[in-house]
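Going line by line, the protein sequences match chains A and B.
Okay, so the first sequence: first residue is 1 according to our numbering, each after it adds one.
Okay, so the second sequence: first residue is 1 according to our numbering, each after it adds one.
Read the hints as simulated data drawn from the structure, not as lab findings.
Here the structure is a predicted model, which is why all the values come from computation and not from measurement.
Be aware that a few hints might be false.
What the hints assert, rightly or not - EDC-like cross-link-like pairs, simulated, lysine to aspartate or glutamate; straight-line CA separation at most 16 Å: (1) B:Lys266 with B:Asp303; (2) A:Lys155 with A:Glu140; (3) A:Lys148 with A:Glu99; (4) A:Lys17 with B:Asp303; (5) A:Lys20 with B:Glu185; (6) A:Lys21 with B:Glu185; (7) A:Lys17 with B:Glu123.
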Amino acid sequence: MVIGGETRAAIEREIAKYPKKRGALLPALHLVQAERGFIAPDQAHELAAIFEIRPVEVMEVVSFYNMFYDRPQGRHHVYVCTNLPCSLRGARQLLGALESHLGVKPGETTKDGRVTLGHEECLGACAYAPMMRVDETYHENLDAAKAKQIVDGLK
Amino acid sequence: MGLEAPYVTGYLSEHFADAAFGKLEGYVAKGGYEAAKKALKQMSPTEVVEEVKAAGLQGRGGAGFPTGQKWSFMPPGSDKPKYLVCNADESEPGSFKDRILMERGPHQLLEGILIGAWATGAEKTFIYVRGEYAHSARELQRAIDEAYAKNLLGEKILGTKFRHDVVLMRGAGAYICGEETGLLESLEGKKGQPRKKPPFPAQHGAFGMPTTVNNVETFCHVPHILRRGAAWFKGIGTDKSPGNTIFGVSGHVNRPGLYELPLGTKLDALIFEHAGGVAGGRKVKGVIPGGMSMPILPAGMLDVPMANEFLRERKTMLGTGGVMVMDETTCMVRVGCVISYFFRDESCGQCTQCREGTGWMNKVLNRIERGAGNPDDLDLLLDVAGKMEGATICAFSDAAAWPIQGLLRHFRDDFEAHVKLGHCPFPESFAL
């Protein structure tokens with residue numbers, strides 16, 4: 001058993017909410033991903049057993065959704081929204097500033113494993129552009145200096 | 001981080017600046033759950049459906065389908081369990097109204113859901129919140145817990161025999177899950193690839209059961225309609241598009257933000273009177289009136305009332321009311337590059353026309369922007385866009401084609417100049 005006891009219990013509570021077991025697969029993936037920051041093959045196999053589906057059916061869901069990862073990630077995700085409303089207000093310059101500050105390109109992780117940088121499609125913060133999402137938190141109305149300060153504060 | 005309350009408020013958002021309104025006690029103090037009491041204790045489900053039909057409420061998720069009619073599609077007296085789904089997968093670029101409706105007025109949404117559940121006979125509602133809206137999901141779950149604790153959800157609601165459960169599920173970052181059948185697939189733990197219709201969700205929806213899917217804002221209007229009556233609601237907005245909506249204004253304006261105004265408010269009034277006009281004293285070049293799927297309007301067409309019956313005459317639609325304003329420095333080929341990148345990235349890959357077409361359009365647009373386009377590329381774009389329309393399982397492919405067709409309809413000169421000069425002639429435009 002690679003998935004922790006508490007996570008398993010939380011998965012069972014999710015399963016109880018749905019008329020069919022598989023309805024709880026996305027909630028379960030969120031829970032399991034919180035353990036290591038991605039869905040590893042051993043976890044996918046165990047989830048498949050819990051949900052009585054094949055491992056490939058777990059992994060096709062993982063690969064379909066942007067917020068699920070099939071490989072190790074930095075300790076923090078920093079995503080700059082580069083959709084049109086944000087681009088009109090300088091999102092590309094913001095992303096560029098973070099790229100040079102962190103020394104990585106979008107999709108890459110810093111050598112110390114601290115930050116995975118990326119750009120993302122519209123995050124629903126269009127009037128507060130440019131903005132970025134750091135893990136589960138939105139930071140809005142940014143400029144390069146503020147964004148660098150926030151990123152520097154990540155452990 | 002806090003989303004600012006709308007600059008102009010109306011019946012939906014008038015208390016959004018007050019944090020207490022987000023809590024059950026504060027909501028009840030403003031008359032909250034009175035409409036649900038009236039529905040459950042004094043009205044039959046049919047009477048509720050008829051009231052919403054009479055009000056003429058149209059769905060606020062983009063398609064504008066009449067809500068009462070949608071509810072009436074649910075089979076009455078079915079022995080199968082019936083479900084409601086609240087589509088809170090707000091991902092249409094330019095739209096951010098559902099986020100504030102969940103964060104500042106979660107009980108208003110829950111009350112709308114409860115009334116909808118009574119009207120349709122649904123035993124459970126699944127609220128599907130986009131994965132990135134972690135804060136919205138937390139606020140909403142807190143409100144759901146409060147509602148359960150006070151007998152507004154669960155068994156014997158408000159002392160009646162009615163039972164209803166609400167389950168909040170978080171998505172995981174896929175625009176296509178905002179399409180109602182893509183959402184249903186996702187709710188069932190699968191890739192969010194839309195289903196063929198028929199069967200429609202009212203016959204075969206979530207987990208194979210009769211289901212109605214409504215947008216967050218749509219539900220939020222319902223308590224107000226029951227409290228003040230269909231005639232009151234019909235008195236707001238235009239004859240064909242009644243009620244308020246929450247417009248989101250973004251891009252090159254002085255005061256980007258949310259504005260709750262009646263449908264039929266003129267687009268130029270929204271931009272110049274409410275949102276403070278264009279920043280830096282520059283002129284408007286174009287405006288996308290209803291989220292990125294909707295075709296752009298040029299500066300000369302902004303005197304249009306924001307309601308579908310008027311916008312359709314100008315070959316665009318209200319969509320989600322996300323208004324994106326672009327000033328005179330903007331390169332419309334770059335706008336096309338950003339739009340086509342989005343649709344290429346978010347295509348679920350199920351239908352060939354969409355999967356291939358979105359990629360082709362993006363490739364050709366990037367080529368034109370780089371100055372490497374050739375004169376045939378403009379017609380090639382229109383040819384590809386035409387073949388993507390009406391040919392696929394869901395409307396995503398159409399939504400990818402329309403904005404590119406709109407750009408070429410109104411800003412063909414921009415495209416031709418790139419091809420002719422071999423470079424982008426807009427040095428001050430936003431960066432790609």
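Outcome of the hint check:
1. For a cut-off of 16 Å, the pair hint linking lysine 266 (chain B) to aspartate 303 (chain B) stands: about 6 Å separates their Cα positions.
2. Distance hint between lysine 155 (chain A) and glutamate 140 (chain A) is unfulfilled; the C-alpha atoms sit about 20 Å from each other, more than 16 Å.
3. Between lysine 148 (chain A) and glutamate 99 (chain A), the direct Cα distance comes to roughly 10 Å. Compliance with the 16 Å bound is thereby established for this hinted pair.
4. Between lysine 17 (chain A) and aspartate 303 (chain B), the direct Cα distance comes to roughly 49 Å. Violation of the 16 Å bound is thereby established for this hinted pair.
5. As the CA atoms of lysine 20 (chain A) and glutamate 185 (chain B) are separated by approximately 12 Å, the hinted pair is consistent with the 16 Å bound.
6. The hinted pair formed by lysine 21 (chain A) and glutamate 185 (chain B) meets the criterion: a straight-line CA distance of about 14 Å does not exceed 16 Å.
7. Taken as a hint, the lysine 17 (chain A) and glutamate 123 (chain B) pair is honoured in the structure, with Cα atoms around 12 Å apart against an allowance of 16 Å.
Going down the numbered hints, you'll see the structure goes against 2, 4, while the others check out.
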